[in-house]
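So the protein sequences, as listed, match chains A and B. Letter by letter, the first sequence follows residues 52 to 490 of this note's numbering. Letter by letter, the second sequence follows residues 222 to 484 of this note's numbering.
Calculated from the structure, these hints are not laboratory results. Keep in mind the model is a prediction, meaning the values are calculated, not measured. We treat Cβ as the ideally placed atom computed from N, Cα and C, and that holds for glycine. One or more hints might be untrue.
To be verified - Partial pick of chain A residues on the chain B-facing surface, computed with a CB cut under 8 Å:
id	residue
1	V147
2	L367
3	R370
4	V371
5	L377
6	G378
What the hints assert, rightly or not - Listing some non-contacts, in silico: residues in chain A with all C-beta distances to chain B over 12 Å:
id	residue
7	V101
8	S149
9	A177
10	S190
11	S202
12	W210
13	V335
14	I364
15	G386
16	A475
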Amino acid sequence: MARPALQRYSGIIKTCPLCEEQFECAQGHPGCWCEAVGLGRRTLADIRAVAYGCVCPACLSGFAARERARRDNDLNGVDENTGPVTWAKAVPHAAVRSRGVSAVWALVALGSLAGALLLGLGTGAASIGPASIVASLLSHFQVFHVASPLSTVNDAILWQIRAPRVVLAALVGGMLAVAGSAYQGVFRNPLADPYLLGVAAGAGLGATLAIAYAAAGSDIGLLLPLAAFAGALVAVAGAYVLGRSAGGVRGTSTLILAGVIVALFMTAIQTFVQQQRSDILRSVYSWILGGFGTADWHSVTLVVPYIAVSSAIILLHRRVLDVLSLGDEEAASLGIDVRRARLVLVLVATAGTAAAVAVSGLIGFVGIIIPHTIRLLVSPSYRAIVPLSILAGAGFLILADALARTILSPAELPIGVVTAFFGAPFFAILLRTSRRMVM
Amino acid sequence: MSSALEARDVSVTVGAARILSHVTAKVERGEWVAVIGPNGAGKTTLLRAFAGLLTFAGQVLVEGRAVQGSTRRQLARQIAMVPQQPQTPGQLTVAEYVLLGRTPHIGYFATETRTDRLAAERAMARLRLRQFTDRILGSLSGGELQRVVLARALAQEAPVLLLDEPTSALDLGRQQDALELLDELRRDSELTVLSAMHDLSLAGQYADRLLLLDGGRLVAQGKPSVVLSEDVIAAHYDARVRVIRENGAVFVLPRREVKRWVH
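In isolation and in its complexed conformation, chain A is listed as follows (with noise of 0.2 Å):
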């Protein structure tokens, strides 16, 4: 960098502690830049924290326009290395933070989730346009006494038979999305995703047997969601015991080897049912594919506390994920619990996605590819993954769901048959484009 023409007051050179450029220090002489530069207490209190030393006149003069944008209360606004300085060009300093979700990630995101909704809700055999959704809301919540544009038919399309279709396929592909972010952290395993630890068999074991089993005249739309939860929870709970017990200090490994012996055991008894009752075969079948066929009010109003209790828990644990990338050592000589925030987490992301296939069946793909389009597009760090990966996932799951109810319509395609369709291609060409490491 070239020196700033000086006047010569002292001779003395000193070296900046902050960009370790030589300056001549006028200290005490008339027109010192120290003194003409007059700052705050607390940017005093800021240099002095940051430098040993004195500071060059052009990282000085940096704090200064630091300041002044601080003052204008208009950080967004003033450029802080191009202010008008009066001794020297001032050094780039770039801000010591982590980067978290961008007010433009943040902003496209929703805005990709309102898309999704507006077409979800719009698209059917009954065709509504998006001003007349907004409309109808609107008249249901009596907010500026607007008249529903629409036909009492169409109102009950509308708000009985596709609005809990698409909120709820928002909450459970939200729910995989985050709980595959918190699985891929705590394990640190990009091959990581929600059913890792036998979620999908124990639920799909719990589902067989209540559809092979019930009593005859019981409300298998009832139960059937109980079982699957009920299934789920103790292949996991089977998982992670094994894992502890065998595993101990060997790691996250022993984990994932519990987690495939005990899918394995629980689909063995799941084949066994099925054989001998073959006549359940369809409808085991057709659960197992997953899909918002059935979703009302009510579906939506049992699994909303899970997936918020968890998803709010995983995002407070966004920070803990980053420092667990560094692997269990280090965490732990960073002071976290390594075992008790990965049982944590892992409880919590289990409990959701329990939920979340409870009501809508096995949808694969989206826990593992939602986290991993954010690491490659936005940032690798968990600030931006698991509030964004909650975001995109209830899109991206809204956008399949309408795709198949409306591709062969009035027939339904699986909603796994979707999502993989198409977002494998997707991410193939993200993959293939991208520069960043998978993880």
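Knowing the structure of chain A, use the given hints to seat chain B on it.
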């Protein structure tokens, strides 16, 4: 006054193997002590026991307080550890990585405050990393990366620094840079340093005291000029060396025994 670190009759057993047996040692405040010994002597295990990262028999005290009775968080405020091969996720920026060092000062569910950002900024300025703030770790050289890891440990603001082979991946000049910097840091910030070291000449020049481990036992300790002798090194390293003493410094040179063939 209690010592910064104290091990009382510490033994570590993994499976059937005894990695450390009955080690008793102290590190006083402000001291730089180097743990030396041949491969497999238990150097890393001793450091990990001090950091409370493994289970052991006996007692380890940090600033007079038992490691076993402390939470991970309390311990992390007392001891910063730099492992031999730290995990440095390639996509993190230097600033993000150094900020992770503030973890023991940040609430479990919280994110960094201004105090934490300033502490990280200070650690980075101290290690001449200000220009690298926004660079990703994957783009740094070995020497730069070593400074970044040190900055993370420094941002932790713990009075005790444990270093496992801090210079093993560096060239000769960068080794000296890193150790000089470390010496400067510990004088400025009044740190206590305990480091495992392979290079005996460097250990002898920088450390105040040496602990020599062999087969899990503490076989010698004291000033470098006392511990580093040709006999001791021959006995425990099974190595043929020449020890040169010059102005109080000790240099250990490996020496090849020339075999003469008689026809």
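Now the hints, each set against the structure:
no.	hint	in the structure
1	V147	holds (4 Å)
2	L367	holds (4 Å)
3	R370	holds (6 Å)
4	V371	holds (7 Å)
5	L377	holds (5 Å)
6	G378	holds (4 Å)
7	V101	violated (5 Å)
8	S149	violated (5 Å)
9	A177	holds (46 Å)
10	S190	holds (40 Å)
11	S202	holds (49 Å)
12	W210	holds (37 Å)
13	V335	holds (41 Å)
14	I364	violated (9 Å)
15	G386	violated (3 Å)
16	A475	holds (24 Å)
The structure fails to meet hints 7, 8, 14 and 15 from the earlier list, while all remaining hints are met.
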